[in-house]
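> Take a look at the letters that make up each chain.
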Amino acid sequence: MSAPTESEQRLSYETRDRIYQVALYGSAALFSAIILFPIYWMVQNAFTDSQAVITEFAWFPSTETVTLENFTVLTAGAVPTYVINTIVVTVGTIVLVVAVSLVAGYGMARFRFKYKESFAQFLLLGYMFSPIVLGLPLYLIWSETGLLNARIGLVIALSAISMPFAVWLMWKYIQTIPESMEESAWIAGASRWRTFWDVIVPQTKPAIVACALFAFAIAWNDFTFAQILLPSQDSTTFAPGIMRLIDQGGYTSWGDIMAVSFLMTIPPLLFAYFLQEYLLKGFEVRTR
Amino acid sequence: MASETVESTAATDRRSVTERLGLDSEAIRGWLTVLPVILLYLFVAVTPIAFAFYASLFEIPLLAPEWTFTGFSNYVEVLSMGSFWSALWLGGLFMVGSTVLQLLVGLWIALVLNKISYGQRFLTAVAFTAYLVPTVIVVLIALFMFDVEIGVLHIAGSNIGLWDERTFALGDQTWAMPLVILIGSWKFSIFVTIFTLAQLRAIPERFYEAAKICGASRWEMFRDITLPRIMGVLLIAVLLRAIFMFNKFDIIWMLTEGGPAGATTTLPILAYRTAFLENSYGLANAMAVIMFIFLAIGAYCYFRAFNPAEEVDT
Amino acid sequence: MTVNISNMTRVFDAPDGRIVAVDDLSLTIDDGEFLTLVGPSGCGKTTTLRCVAGLDTPTAGTITVDGRDVTELPPQERDVALLFQDIALYPHMTVRENMEYGLKIAGVPEDERRESIEEAADLLQIRDQLDKMPASLSGGQQQRVALGRSLVRDPSVFLFDEPMSDLDAKLKRELRPVVQRITDEIGCPVLYVTHDQEEAMTMSDRVAIMDGGELQQAGPPKEVYDEPTNDFVGEFIGQPAMEFFDAHVESANGTAAVALGGHTISLDASADQLEGYVERDVRVGIRPQHITVADATAGIEAEHVLDEPLGDETHSLFETEYGNVTVVTHADFDGDNGDEYGLVLERSETQLFDPNSGVRIF
Numbered sequence: 097m098s099a100p101t102e103s104e105q106r107l108s109y110e111t112r113d114r115i116y117q118v119a120l121y122g123s124a125a126l127f128s129a130i131i132l133f134p135i136y137w138m139v140q141n142a143f144t145d146s147q148a149v150i151t152e153f154a155w156f157p158s159t160e161t162v163t164l165e166n167f168t169v170l171t172a173g174a175v176p177t178y179v180i181n182t183i184v185v186t187v188g189t190i191v192l193v194v195a196v197s198l199v200a201g202y203g204m205a206r207f208r209f210k211y212k213e214s215f216a217q218f219l220l221l222g223y224m225f226s227p228i229v230l231g232l233p234l235y236l237i238w239s240e241t242g243l244l245n246a247r248i249g250l251v252i253a254l255s256a257i258s259m260p261f262a263v264w265l266m267w268k269y270i271q272t273i274p275e276s277m278e279e280s281a282w283i284a285g286a287s288r289w290r291t292f293w294d295v296i297v298p299q300t301k302p303a304i305v306a307c308a309l310f311a312f313a314i315a316w317n318d319f320t321f322a323q324i325l326l327p328s329q330d331s332t333t334f335a336p337g338i339m340r341l342i343d344q345g346g347y348t349s350w351g352d353i354m355a356v357s358f359l360m361t362i363p364p365l366l367f368a369y370f371l372q373e374y375l376l377k378g379f380e381v382r383t384r
Numbered sequence: 020m021a022s023e024t025v026e027s028t029a030a031t032d033r034r035s036v037t038e039r040l041g042l043d044s045e046a047i048r049g050w051l052t053v054l055p056v057i058l059l060y061l062f063v064a065v066t067p068i069a070f071a072f073y074a075s076l077f078e079i080p081l082l083a084p085e086w087t088f089t090g091f092s093n094y095v096e097v098l099s100m101g102s103f104w105s106a107l108w109l110g111g112l113f114m115v116g117s118t119v120l121q122l123l124v125g126l127w128i129a130l131v132l133n134k135i136s137y138g139q140r141f142l143t144a145v146a147f148t149a150y151l152v153p154t155v156i157v158v159l160i161a162l163f164m165f166d167v168e169i170g171v172l173h174i175a176g177s178n179i180g181l182w183d184e185r186t187f188a189l190g191d192q193t194w195a196m197p198l199v200i201l202i203g204s205w206k207f208s209i210f211v212t213i214f215t216l217a218q219l220r221a222i223p224e225r226f227y228e229a230a231k232i233c234g235a236s237r238w239e240m241f242r243d244i245t246l247p248r249i250m251g252v253l254l255i256a257v258l259l260r261a262i263f264m265f266n267k268f269d270i271i272w273m274l275t276e277g278g279p280a281g282a283t284t285t286l287p288i289l290a291y292r293t294a295f296l297e298n299s300y301g302l303a304n305a306m307a308v309i310m311f312i313f314l315a316i317g318a319y320c321y322f323r324a325f326n327p328a329e330e331v332d333t
Numbered sequence: 018m019t020v021n022i023s024n025m026t027r028v029f030d031a032p033d034g035r036i037v038a039v040d041d042l043s044l045t046i047d048d049g050e051f052l053t054l055v056g057p058s059g060c061g062k063t064t065t066l067r068c069v070a071g072l073d074t075p076t077a078g079t080i081t082v083d084g085r086d087v088t089e090l091p092p093q094e095r096d097v098a099l100l101f102q103d104i105a106l107y108p109h110m111t112v113r114e115n116m117e118y119g120l121k122i123a124g125v126p127e128d129e130r131r132e133s134i135e136e137a138a139d140l141l142q143i144r145d146q147l148d149k150m151p152a153s154l155s156g157g158q159q160q161r162v163a164l165g166r167s168l169v170r171d172p173s174v175f176l177f178d179e180p181m182s183d184l185d186a187k188l189k190r191e192l193r194p195v196v197q198r199i200t201d202e203i204g205c206p207v208l209y210v211t212h213d214q215e216e217a218m219t220m221s222d223r224v225a226i227m228d229g230g231e232l233q234q235a236g237p238p239k240e241v242y243d244e245p246t247n248d249f250v251g252e253f254i255g256q257p258a259m260e261f262f263d264a265h266v267e268s269a270n271g272t273a274a275v276a277l278g279g280h281t282i283s284l285d286a287s288a289d290q291l292e293g294y295v296e297r298d299v300r301v302g303i304r305p306q307h308i309t310v311a312d313a314t315a316g317i318e319a320e321h322v323l324d325e326p327l328g329d330e331t332h333s334l335f336e337t338e339y340g341n342v343t344v345v346t347h348a349d350f351d352g353d354n355g356d357e358y359g360l361v362l363e364r365s366e367t368q369l370f371d372p373n374s375g376v377r378i379f
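Residue numbers (my numbering), protein chains in the order written: chain A, 97 to 384; chain B, 20 to 333; chain C, 18 to 379.
Think of the hints as simulated: they come from the structure by calculation, not from any bench. Remember, it's a predicted structure, so these values are computed and weren't measured experimentally. Note that beta-carbon positions come from the ideal geometry of N, C-alpha and C, so glycine has one too. Be aware that one or more of the hints could be misleading.
[Unchecked claim] Over 12 angstroms on every C-beta distance to chain A, these chain B residues come out as not near it, computed from the model:
| id | residue |
| --- | --- |
| 1 | V65 |
| 2 | F88 |
| 3 | E96 |
| 4 | V119 |
| 5 | A149 |
| 6 | G170 |
| 7 | R237 |
| 8 | A282 |
| 9 | F295 |
[Unchecked claim] Using C-beta positions, here's what the derived DEER-type ranges look like:
| id | chain 1 | residue 1 | chain 2 | residue 2 | range |
| --- | --- | --- | --- | --- | --- |
| 10 | A | S287 | B | V65 | 30 to 38 angstroms |
| 11 | B | Y319 | A | T151 | 55 to 63 angstroms |
| 12 | C | A31 | B | L201 | 52 to 60 angstroms |
| 13 | B | A144 | C | A152 | 27 to 35 angstroms |
| 14 | B | L61 | A | S287 | 52 to 60 angstroms |
| 15 | A | Q217 | B | I47 | 20 to 28 angstroms |
| 16 | C | P108 | B | A144 | 27 to 35 angstroms |
| 17 | A | L365 | B | I174 | 26 to 34 angstroms |
| 18 | B | A144 | C | V28 | 36 to 44 angstroms |
| 19 | A | L365 | B | C320 | 34 to 42 angstroms |
| 20 | C | R198 | B | A144 | 53 to 61 angstroms |
Construct the complete structure from the given sequences, taking the supplied hints into account.
See below:
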């Protein structure tokens, strides 16, 4: 696929294979570099003296300019509030998404009810929800209901757009758990609710992790909803908060910005590395 | 044990009645379990869209919310705005440019990741990284790298003569749109990769072995085995990407706020500006409704083309 | 404890009409009795068991345990134990936690739980496995754990839903006595559902045979084997299956006889006993053990097809005008393929069935 067809017919197998291998690993190196360089650049400057960031251009960190001082941005000013708000909203979204999708997924897997198929189709429509289309009308609705500038309002909005993936995944996952396991617990005297807790929930751990990751990605990434629904400068999350600080012009200490960016990137990076199998699994269930 | 249970039945009889009732009305319990999802959808999706349509019939200055009914004049106004048509054009450009680029790059990375034997796990993690770095961080890094004073890409670009030493590339009429597309694709190409990779890994090795025995070249194997197998998932990814990119607000707004001089003002940006910077909330809602209609057309295509409901039968 | 099922019917709504899974079934299981419900798949035996367990509710009829009507009671309140075909151990709990779960729900104090689990584990020889996870056990061991899980709860009714159908023949033989010991230990009514007649015959006090949702016969193993009420039971119980021949009843000097294949078998019955069937067609049923192979001059003409030597006996297959017939022959019987033989039916073991209803008439 990387080597052109014509040359394949002319060249010997060994040469063709060598070209293919070079193209393959060359490609890998190229895209790795494109992906990793900006991240490297962020990390390097996060640990560089903020004066040096502006004055001395350097490809590599040097012992003279390495510092942890940029991270003090987290101790003062508005940034710590923004970060805390993002964490609160993300945790809230994860909890709400996991709880709601577990119950709904269980219901869809275990109860027979009319229009279940129509409901599932309706659920898929959720993929089409766009934060900007929903956010504009939500602004006035939220301000009427008192949810504007409240973190819970943002949690609700973010949870709603995470639902189609989460419920679908839970539904499909719980279907793989044999019903006899639940029946066995009922017969032993456990109520339906208790059986759900003792028998179903512990077995859905992989699906819970996948849903939590998905909700995390949605909430941690969000800018649009927060920008519209948390307009107040003090109550907003990291993304709109830092952009407004930069906009106001007084805040372009790139060292500080890279430091906090680095910190905000660590959680997704850790998840990407340790939970990549779950992520792939989740997408497999979704795309089949 | 047995006698204990018998004794306790008297106390639990009441519960048993409701239990029986519940079992008889299984449907009620089923609906109850999905009720929270329905409420969330109603609250966050159905109501806003209905509200947007309603509000689009009024003139609403956001700062002094006094509603004046104006019928469909907001729509007439939108359709006669030069900036609307320009935003539609730029939005189309952004959508097509981004989707094509993301499809090519995403597919390329997926194929490489699937074929590579050394460091596959590590490289997969690297690829995922780009997708998981929050949009705002991508933007911050980009703003830093294109900074006129010290931005590494700014310097690189001006050294090879792409732009002037004092030109902020993201603030340049020519460069703003291509750069926004490129920066967005740095993050979102991996979406296509993730979709495709799962499908690629599901292709049984024996298909390729059979082809090899028949003397197929790598290109022939790709064309005859791989491509047909991932075609469906690629189409889904492309359609979803196109829908998402057409509605993209965050990365464009954070990078350029639609500037310079409207060079990156797509429809979502225009709607946001109209609502919050020009205080024409009713007009902005008319735009939201128009975007929703585009979304609905996209959704309709999605459902018609791939019938995801087929999965529902279980 | 006595389980009494009376006039139970269960109808399912299916897209293409209604399916009567169980049709007016009445059955009693006495205290300490091991009753096996056996029949082909789809005969309604599992539906019956699920109704007794409370996992399903009958459309009509009642189920009582010790006189108490439990028909509408949920499974949680029936104090039954059920062993599932797929074993259904909780994969996220250790063996001990699995066995403990029912007791925990019932609120039994911890030291008592520990004691009864260890007692049960000793009885089932799974003491060493208590702290393992179910996935690391073999199928036979898992089924022992499931047995133990039911044993510690000391249920008032013990139900089995084809618990051995996924095990191999050797394990089945190993587990059978264990199941019997455990059920004896508990001493409650046992309802055991299987499609395997051998299991039914070897383990039960009484066997109930079902077909098409209806009870065909219930009785001790020997009785259903020797005196099947109809041709279905005759064919279903016993290995190899009973052979049937179309015949004609004749009367010679007041003694009844059947004519088949050009020869006549006189029966130990007077013509009066076969009132209404004389000079009419019947089906003759006989077990392959009671057919002897003679030379071509006697009995039913048969062409030898093949022998299946089992070591202690041989199953020989013949082709006759009535179709293929299996005969249990001597261990060193070795027929010549294609040769003509005669099959002689043992007079005293011959049974007669109504050709239309299938009911045994003699």
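> Each hint should be assessed against the structure and marked as holding or not.
Do the hints match the structure? See the list:
no.: 1; hint: V65; in the structure: 10 angstroms, violated
no.: 2; hint: F88; in the structure: 16 angstroms, holds
no.: 3; hint: E96; in the structure: 16 angstroms, holds
no.: 4; hint: V119; in the structure: 17 angstroms, holds
no.: 5; hint: A149; in the structure: 5 angstroms, violated
no.: 6; hint: G170; in the structure: 9 angstroms, violated
no.: 7; hint: R237; in the structure: 6 angstroms, violated
no.: 8; hint: A282; in the structure: 18 angstroms, holds
no.: 9; hint: F295; in the structure: 8 angstroms, violated
no.: 10; hint: A:S287 with B:V65: 30 to 38 angstroms; in the structure: 34 angstroms, holds
no.: 11; hint: B:Y319 with A:T151: 55 to 63 angstroms; in the structure: 56 angstroms, holds
no.: 12; hint: C:A31 with B:L201: 52 to 60 angstroms; in the structure: 59 angstroms, holds
no.: 13; hint: B:A144 with C:A152: 27 to 35 angstroms; in the structure: 29 angstroms, holds
no.: 14; hint: B:L61 with A:S287: 52 to 60 angstroms; in the structure: 30 angstroms, violated
no.: 15; hint: A:Q217 with B:I47: 20 to 28 angstroms; in the structure: 21 angstroms, holds
no.: 16; hint: C:P108 with B:A144: 27 to 35 angstroms; in the structure: 29 angstroms, holds
no.: 17; hint: A:L365 with B:I174: 26 to 34 angstroms; in the structure: 27 angstroms, holds
no.: 18; hint: B:A144 with C:V28: 36 to 44 angstroms; in the structure: 57 angstroms, violated
no.: 19; hint: A:L365 with B:C320: 34 to 42 angstroms; in the structure: 36 angstroms, holds
no.: 20; hint: C:R198 with B:A144: 53 to 61 angstroms; in the structure: 55 angstroms, holds
Checked against the numbered hints listed earlier, the structure breaks hints 1, 5, 6, 7, 9, 14 and 18; every other hint is satisfied.
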